[in-house]
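Visitor: Going down the list, the protein sequences come from chains A and B.
Following the working numbering from start to finish, the first sequence increments by one per residue and tops out at 408.
Following the working numbering from start to finish, the second sequence increments by one per residue and tops out at 408.
Worth flagging that the hints you see were computed from the coordinates, not collected in a lab.
The reader is advised that the hints may include incorrect statements.
[Claimed, not checked] With the Cβ distance kept under 8 Å, some of the chain A side facing chain B (calculated, not the full set):
#1 Tyr170
#2 Leu329
#3 Ile390
Positions of the beta carbon are idealized from the N, C-alpha and C atoms, including for glycine.
Protein chains: 2
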Amino acid sequence: MSYVLRCINCGRTFSPDEVEYTCPYCGDRKGTLEVVYDFENIKASREEFSPEADMFQFRKLLPLRKGFYKPPLKVGGTPLYEFPSVAEKLGISRFLVKYDGTNPTASYKDRASAMAIAKAVEKGYEVIYAASTGNAASSLAGLTAPTHLKSVIFVPASAPKPKLLQILVYGAILVPIDASYDVAFDLSMEIGREMGWYSRNSAINPYLLEGKKTGAMEIAVQTDWELPDYVFVGVGDGTVVSSLFKGFYDMWKVGLVDRVPKIVGVQAEGADFVKRVFDKGEPFEPEDGEAKSVADSIAVGKPRDVIKACKYVKRSGGFFISVTDEEILDAQLELASDTGVFAEPAGAAPYAGLKKAIREGRVERGASVAIVVTGSGLKDPRSIESHFDITPLSPEKESIMEYLRKEL
Amino acid sequence: MSYVLRCINCGRTFSPDEVEYTCPYCGDRKGTLEVVYDFENIKASREEFSPEADMFQFRKLLPLRKGFYKPPLKVGGTPLYEFPSVAEKLGISRFLVKYDGTNPTASYKDRASAMAIAKAVEKGYEVIYAASTGNAASSLAGLTAPTHLKSVIFVPASAPKPKLLQILVYGAILVPIDASYDVAFDLSMEIGREMGWYSRNSAINPYLLEGKKTGAMEIAVQTDWELPDYVFVGVGDGTVVSSLFKGFYDMWKVGLVDRVPKIVGVQAEGADFVKRVFDKGEPFEPEDGEAKSVADSIAVGKPRDVIKACKYVKRSGGFFISVTDEEILDAQLELASDTGVFAEPAGAAPYAGLKKAIREGRVERGASVAIVVTGSGLKDPRSIESHFDITPLSPEKESIMEYLRKEL
Chain A
1 MSYVLRCINC GRTFSPDEVE YTCPYCGDRK GTLEVVYDFE NIKASREEFS PEADMFQFRK
61 LLPLRKGFYK PPLKVGGTPL YEFPSVAEKL GISRFLVKYD GTNPTASYKD RASAMAIAKA
121 VEKGYEVIYA ASTGNAASSL AGLTAPTHLK SVIFVPASAP KPKLLQILVY GAILVPIDAS
181 YDVAFDLSME IGREMGWYSR NSAINPYLLE GKKTGAMEIA VQTDWELPDY VFVGVGDGTV
241 VSSLFKGFYD MWKVGLVDRV PKIVGVQAEG ADFVKRVFDK GEPFEPEDGE AKSVADSIAV
301 GKPRDVIKAC KYVKRSGGFF ISVTDEEILD AQLELASDTG VFAEPAGAAP YAGLKKAIRE
361 GRVERGASVA IVVTGSGLKD PRSIESHFDI TPLSPEKESI MEYLRKEL
Chain B
1 MSYVLRCINC GRTFSPDEVE YTCPYCGDRK GTLEVVYDFE NIKASREEFS PEADMFQFRK
61 LLPLRKGFYK PPLKVGGTPL YEFPSVAEKL GISRFLVKYD GTNPTASYKD RASAMAIAKA
121 VEKGYEVIYA ASTGNAASSL AGLTAPTHLK SVIFVPASAP KPKLLQILVY GAILVPIDAS
181 YDVAFDLSME IGREMGWYSR NSAINPYLLE GKKTGAMEIA VQTDWELPDY VFVGVGDGTV
241 VSSLFKGFYD MWKVGLVDRV PKIVGVQAEG ADFVKRVFDK GEPFEPEDGE AKSVADSIAV
301 GKPRDVIKAC KYVKRSGGFF ISVTDEEILD AQLELASDTG VFAEPAGAAP YAGLKKAIRE
361 GRVERGASVA IVVTGSGLKD PRSIESHFDI TPLSPEKESI MEYLRKEL
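Pulled out of the complex, with its shape left as it was, chain A reads as follows:
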């Protein structure tokens, strides 16, 4: 596999041996790197791929050597569902749901963790670290569990308890810091460098996005190459939304697909710092603030991959849109009861965004749309707790039947 690393800001290219994470000229914040393949020498045909195989079926378009280390748990090959009745309700032609809750630790982040593990083994590291609001962390912890690697996870101590328990149960070393995600992130970077560990912080490690892009590639295979017009996804740091563009783009570069869908990034109103940068236009200048949203997985105040996200979404012809916490929670309930897909709030955000985009005429009637549900609602059902009042009934047949006749 032949590839170079190119700075998203200045365009300089580096060989993989030359740099590890970000552009030495532009720094961590602006200078995240893209993996650019020697596309002309990659021959791939549609028949090679199957709808249910794991993410490493795309190894021709991944930065991995022959004989790379593949982590033991199956990542990717998650279902793509179509719900015609929801499409009809929304007035669009197709409504597709890419559901990554069936990954080993029930989130999209497993795609990046699997790649991090493969690269760490290639590079000879023994410890991988990450800072995360939860999903990336439990993902790294879970996927390293059956390997010889150790994982160290920096989290804001305020992260949802069920997510912290998930990290601990896998035997990872947890560093719960009494500070925000952003402070935990910066501390993890300093400490990780000093200790000589491998970083699984998506926005600086260019290979993680390559793992994540396999979600887009699966959509191409699973739609039998009939790509949707739009792909909606929640946006925190900006890496997943970037990865969706990159997955379709790399497939386009080798002739597997004939276009890239419009990528739409959905942010929570209380943490819409990528959208703000995008809406101001080029040159994209990072802008930070305090993040506040019920969708903890995308409540990011200092998005690490903002420039890449803006550039890629623009190239796709897509846009960013923000939704309120109430819209997110409503979308979560509606999606679960209409489709049986129980998303975590961040995973339901794209459905809220789609509904708003249709209302505002930004998605036309008859369009085909996929949303990416990046995490399972089972991980932290507390978000929906306030919606439901569970009143015990006494064990008497007649009164229960009366209650049921009213409910049905």
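Following the hints, put chain B in place on chain A, whose structure we already have.
Guide: Okay, now just chain B, sitting in the frame of chain A:
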């Protein structure tokens, strides 16, 4: 598909049109029915099956008509993992984990719910009901969500809150009864009959076991037909353990496999009523009591499928074993940190049982063993909460590094 229903107690056979649930002579408790196929007229070859397809790939051995209704969400095709280092630690030749946490609602019960939905549509029902400590309920609720069917769920109000929220989020009608599971079960049966609804109570509906048996069939396909010597699984009502026997048995009857593995049922010490009946020997007489275990999914005081479970396990040459709550929780942590598979307590019980069986010499050195992890630990991580003390660290680099050097 041609089949009859045969009483597990008296052996009388009935046509599918003649009875709906249980033997009219032996009653609900003793007279659960088996689905017996016209094996001689079923031609199946190993090449027809694939390791990642959904459970309905086994339709030749399922009680379904041509053109049956297949529920929209993908059930089955869950991973079978092998962990050689765990096998080595345990002194066995192979350690396999069938992990059903990747089903749509993260439990084995989705296999039964998918079958219930297919049968309800065939029979023209509009409402399906169930009584459940949790998993069967959220499974039915989730899988009916994208269909036209309604689901009504009877639960003991004391069931874990996250599991009740899972039922509600899918839009099912919840009936939380201020009583035990057993009382909720009996009430559901009375009310369901009176209302004319279809029952998804596994132990009385003979078709649900047929859905569940696909887990065993997948093990056969996924081991490339090299069956393990033993298959361990947690036991509550006794239906899943029975279904494992049945899956291998039906495959054996049509010549797909050459034997049935020894099936081992693992119960919590505080709810070991199937084991007690089994150990007393034939004729198996149901024996009930009060159930108490941290493993709520198998904490059953009045096991509904006890006779079938005992007969089938005996025919397989297997046995029942019980483990303490402490052994279950230890197994849960060990399994997660060794394999990355985070099981709910009931799903970790078979691992605890396997360790005990090896200690006691009931499983010989060098044997190959599969355990079935029937549910994801993500659904209710509270069980492990007391094991971990999460103390926030102040955001200072030096003190954090000192802490890390001690932990590594």
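Visitor: Take the hints in turn and mark each one as holding or not.
Guide: Hint check results:
1. Tyr170: holds, 5 Å
2. Leu329: With a closest approach of 11 Å, the A:Leu329 hint is violated.
3. Ile390: This interface hint holds because 5 Å falls under the 8 Å limit.
Hint 2 from the list above is the single one not met by this structure.
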